[in-house]
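2 protein chains.
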Amino acid sequence: MTGRLDDEPYARAALTYLAEPADLRLDALVRARGAARTLEAIKAAPATAADPAARRAMARWQVRLAELPSADDIAGFCKAGIRLVCPGDPEWPVRLDDLGHASPYALWLRGSADLRFNCLRSVAIVGSRAATAYGSYVASEFAASVAARGWAVVSGGAYGVDAAAHRGALAADGVTVAVLACGVDVPYPAGHADLFDAITAQGVLVSEWPPGRTATRLRFLIRNRVIAALASGTLVVEAGRRSGALNSARHARDLGRPLMAVPGPITSDLSAGCHTIIRDWQGTLVTSAADVVECVSPIGTATDRAPAVLGRDALDLEEAAVLDALPLRGGRGPVRIAVEAGLDIDTVFRCLGALAAGGFAERCDQGWRARRA
Amino acid sequence: MTGRLDDEPYARAALTYLAEPADLRLDALVRARGAARTLEAIKAAPATAADPAARRAMARWQVRLAELPSADDIAGFCKAGIRLVCPGDPEWPVRLDDLGHASPYALWLRGSADLRFNCLRSVAIVGSRAATAYGSYVASEFAASVAARGWAVVSGGAYGVDAAAHRGALAADGVTVAVLACGVDVPYPAGHADLFDAITAQGVLVSEWPPGRTATRLRFLIRNRVIAALASGTLVVEAGRRSGALNSARHARDLGRPLMAVPGPITSDLSAGCHTIIRDWQGTLVTSAADVVECVSPIGTATDRAPAVLGRDALDLEEAAVLDALPLRGGRGPVRIAVEAGLDIDTVFRCLGALAAGGFAERCDQGWRARRA
Numbered sequence: 092m093t094g095r096l097d098d099e100p101y102a103r104a105a106l107t108y109l110a111e112p113a114d115l116r117l118d119a120l121v122r123a124r125g126a127a128r129t130l131e132a133i134k135a136a137p138a139t140a141a142d143p144a145a146r147r148a149m150a151r152w153q154v155r156l157a158e159l160p161s162a163d164d165i166a167g168f169c170k171a172g173i174r175l176v177c178p179g180d181p182e183w184p185v186r187l188d189d190l191g192h193a194s195p196y197a198l199w200l201r202g203s204a205d206l207r208f209n210c211l212r213s214v215a216i217v218g219s220r221a222a223t224a225y226g227s228y229v230a231s232e233f234a235a236s237v238a239a240r241g242w243a244v245v246s247g248g249a250y251g252v253d254a255a256a257h258r259g260a261l262a263a264d265g266v267t268v269a270v271l272a273c274g275v276d277v278p279y280p281a282g283h284a285d286l287f288d289a290i291t292a293q294g295v296l297v298s299e300w301p302p303g304r305t306a307t308r309l310r311f312l313i314r315n316r317v318i319a320a321l322a323s324g325t326l327v328v329e330a331g332r333r334s335g336a337l338n339s340a341r342h343a344r345d346l347g348r349p350l351m352a353v354p355g356p357i358t359s360d361l362s363a364g365c366h367t368i369i370r371d372w373q374g375t376l377v378t379s380a381a382d383v384v385e386c387v388s389p390i391g392t393a394t395d396r397a398p399a400v401l402g403r404d405a406l407d408l409e410e411a412a413v414l415d416a417l418p419l420r421g422g423r424g425p426v427r428i429a430v431e432a433g434l435d436i437d438t439v440f441r442c443l444g445a446l447a448a449g450g451f452a453e454r455c456d457q458g459w460r461a462r463r464a
Numbered sequence: 092m093t094g095r096l097d098d099e100p101y102a103r104a105a106l107t108y109l110a111e112p113a114d115l116r117l118d119a120l121v122r123a124r125g126a127a128r129t130l131e132a133i134k135a136a137p138a139t140a141a142d143p144a145a146r147r148a149m150a151r152w153q154v155r156l157a158e159l160p161s162a163d164d165i166a167g168f169c170k171a172g173i174r175l176v177c178p179g180d181p182e183w184p185v186r187l188d189d190l191g192h193a194s195p196y197a198l199w200l201r202g203s204a205d206l207r208f209n210c211l212r213s214v215a216i217v218g219s220r221a222a223t224a225y226g227s228y229v230a231s232e233f234a235a236s237v238a239a240r241g242w243a244v245v246s247g248g249a250y251g252v253d254a255a256a257h258r259g260a261l262a263a264d265g266v267t268v269a270v271l272a273c274g275v276d277v278p279y280p281a282g283h284a285d286l287f288d289a290i291t292a293q294g295v296l297v298s299e300w301p302p303g304r305t306a307t308r309l310r311f312l313i314r315n316r317v318i319a320a321l322a323s324g325t326l327v328v329e330a331g332r333r334s335g336a337l338n339s340a341r342h343a344r345d346l347g348r349p350l351m352a353v354p355g356p357i358t359s360d361l362s363a364g365c366h367t368i369i370r371d372w373q374g375t376l377v378t379s380a381a382d383v384v385e386c387v388s389p390i391g392t393a394t395d396r397a398p399a400v401l402g403r404d405a406l407d408l409e410e411a412a413v414l415d416a417l418p419l420r421g422g423r424g425p426v427r428i429a430v431e432a433g434l435d436i437d438t439v440f441r442c443l444g445a446l447a448a449g450g451f452a453e454r455c456d457q458g459w460r461a462r463r464a
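Those sequence lines, one after another, are chains A and H. So in my numbering, spot 42 of the first sequence is number 133, and the numbers just go up one at a time. So in my numbering, spot 39 of the second sequence is number 130, and the numbers just go up one at a time.
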């Protein structure tokens with residue numbers, strides 16, 4: 092992000108200021124011309140296109156041109172630990188491509204965890220803001236338990252089920268990902284400022300909106316598709332019949348990802364949405380964290396194994412090559428590992444996931460390193 | 092039941108004294124020779140058959156010959172309102188034939204309700220003896236609600252879910268059928284003596300065992316297949332992982348009848364069996380009595396209609412003929428109705444069911460009568 096107009100990452104950052112996510116007209120322009128030329132066109136052109144819809148789109152982007160960040164703003168973001176990830180970057184979660192034309196232009200991140208790697212083995216745990224004691228208990232227990240098994244917990248940072256899920260993962264020293272409907276520097280809800288600080292230290296905050304943006308009702312709905320697309324599968328813990336969590340569940344189903352729900356008393360309105368998912372949406376009824384892991388694992392691979400029960404003999408050739416490329420002290424970035432191992436970056440990420448799950452490798456501040464046996 | 096040896100009903104009654112239900116060897120003999128000749132053979136033959144299994148069977152029946160009822164005993168049963176129903180009798184529920192070689196030899200009944208007719212539209216509601224407040228509440232609410240819609244409630248007369256289901260149906264002025272694992276004159280459990288009296292007045296007690304027999308653990312298990320076979324479908328409200336209710340559920344599934352379960356908190360051991368039914372046995376998750384009625388109704392016929400919303404024009408020719416054969420005062424038995432209407436007895440039962448459901452006909456002490464519009 093150098094701030095020059097021909098810089099694609101800068102242009103993508105700028106577009107997150109000018110357009111709301113999932114603006115299909117903007118997506119079409121960026122795919123056709125690239126982000127930098129699209130931004131240039133928005134800055135230069137008066138809204139005079141023949142097509143009225145195209146004119147309206149140009150106009151709605153142009154009204155926000157004054158909001159573009161200055162060089163000082165961007166320096167401030169860097170100082171605050173905020174980073175931008177764009178399609179094609181090593182940390183970009185390729186799963187988001189499943190969203191097609193509604194895929195984010197870019198993501199703003201804040202936190203120590205690698206988004207792409209952690210999403211490879213992750214479960215979205217979502218549900219009602221007004222969770223009952225039952226829902227909060229189940230969300231935090233399941234989150235702690237899947238996190239202890241090496242799965243990241245993705246949620247929305249809201250009160251109720253979301254907060255219980257994040258806290259459960261943090262308590263188990265796991266990684267948790269909060270996908271926000273506001274800027275990653277905006278503590279919304281305000282009561283979660285401490286929670287977001289903890290997630291920044293041990294996980295990552297994610298947003299499609301630039302720093303400073305506030306949440307709106309519509310933004311929560313638009314955000315939900317990203318939660319479903321980032322995670323290996325989505326679990327709904329408690330949800331009323333019209334809960335926003337059902338919106339996330341529908342995205343998971345539409346993406347063909349495993350969809351799960353926790354049953355509850357039929358006398359509780361907050362379990363009605365879960366029962367709908369099980370009965371009418373073919374969601375899997377889960378009653379334990381082991382059920383969840385089984386559901387999101389590729390067939391035949393679900394295990395409750397503790398780290399490092401595999402011998403090195405169980406590694407395939409690529410995994411062994413990546414392990415050989417890892418230092419025992421300090422750390423090494425994925426690109427460097429790819430060069431060392433002679434493998435492409437996607438294979439390196441797959442192998443790092445397998446090695447971490449098997450207890451052979453671990454993340455550190457400098458990238459990755461081998462774990463002593 | 093005249094007490095003569097060549098009397099098939101008497102012989103079937105006698106066989107319920109000599110053999111436990113579902114004795115496949117006895118079933119084979121009765122099918123081959125009839126009940127009277129089978130009884131005669133048991134009374135006459137020393138246990139000298141060449142086949143050791145046949146010899147052992149004969150011996151186990153003969154040890155109980157001293158328990159056969161006297162003519163006085165039988166007169167006493169009649170006086171106590173106990174009746175015997177055999178295969179082929181108008182009140183015999185033909186659904187039991189689905190049990191094949193494990194079908195009962197005969198059923199002992201006590202109570203005002205017609206067993207066959209009421210089972211045509213019936214739901215078995217079963218579950219744990221140690222039901223929680225949640226299970227008892229759901230069982231009684233669902234039972235009252237399906238009974239108010241004209242469906243009989245079948246259960247096992249035990250503490251917990253069974254009792255709540257019977258009581259819910261009674262409270263809604265509905266018909267309830269208790270299938271016991273002891274004689275219909277044995278108040279077991281003793282605390283249910285009042286409940287059994289109420290069921291006798293407004294429903295019917297059913298047993299494969301003759302009057303006086305006490306319940307054993309094995310008899311409860313053998314009895315469960317009759318609950319599943321009598322009802323249009325089976326609903327499990329609360330059941331632990333090893334509950335006897337799962338045994339009934341398995342019978343319902345094996346018979347191809349609709350199987351339903353009520354979800355509950357995953358933190359409750361008594362809902363674990365229900366979750367197993369939903370997830371692993373393809374049972375339908377139900378959250379309301381309307382769900383239950385929809386599940387047990389033939390496709391497209393489930394309605395929440397109140398009685399008598401249909402006009403006479405909606406009746407088919409056979410239903411209209413049966414309605415014409417019903418008196419407005421007093422009552423008429425099904426055989427007499429069949430003669431009047433010129434229809435076979437099975438068609439008459441089907442039509443009476445439809446007419447009762449539509450509010451055109453009702454049962455009374457003397458049989459059936461038309462309801463005034």
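Hints are computed from structural coordinates only; laboratory data are not their basis. Beta carbons are placed, not taken as given, at the ideal position from N, Cα and C, and that holds for glycine. Just to be clear, a hint being listed does not mean it is correct.
[Unchecked claim] These stretches of chain A come out as covered by chain H in the derived footprint (C-beta under 8 Å, 3 or more residues):
hint, segment
1, 109-119
2, 185-194
3, 446-458
[As the list claims (entries may be wrong)] Some chain H residues well away from chain A (every beta-carbon gap over 12 Å; in silico):
hint, residue
4, Thr139
5, Val185
6, His192
7, Glu232
8, Gly355
9, Pro356
10, Arg370
11, Leu376
12, Val377
Query raised in the report: Failing hints, ascending?
Result: Numbers 1, 2, 3, 7, 8, 9, 10, 11, 12, in rising order.
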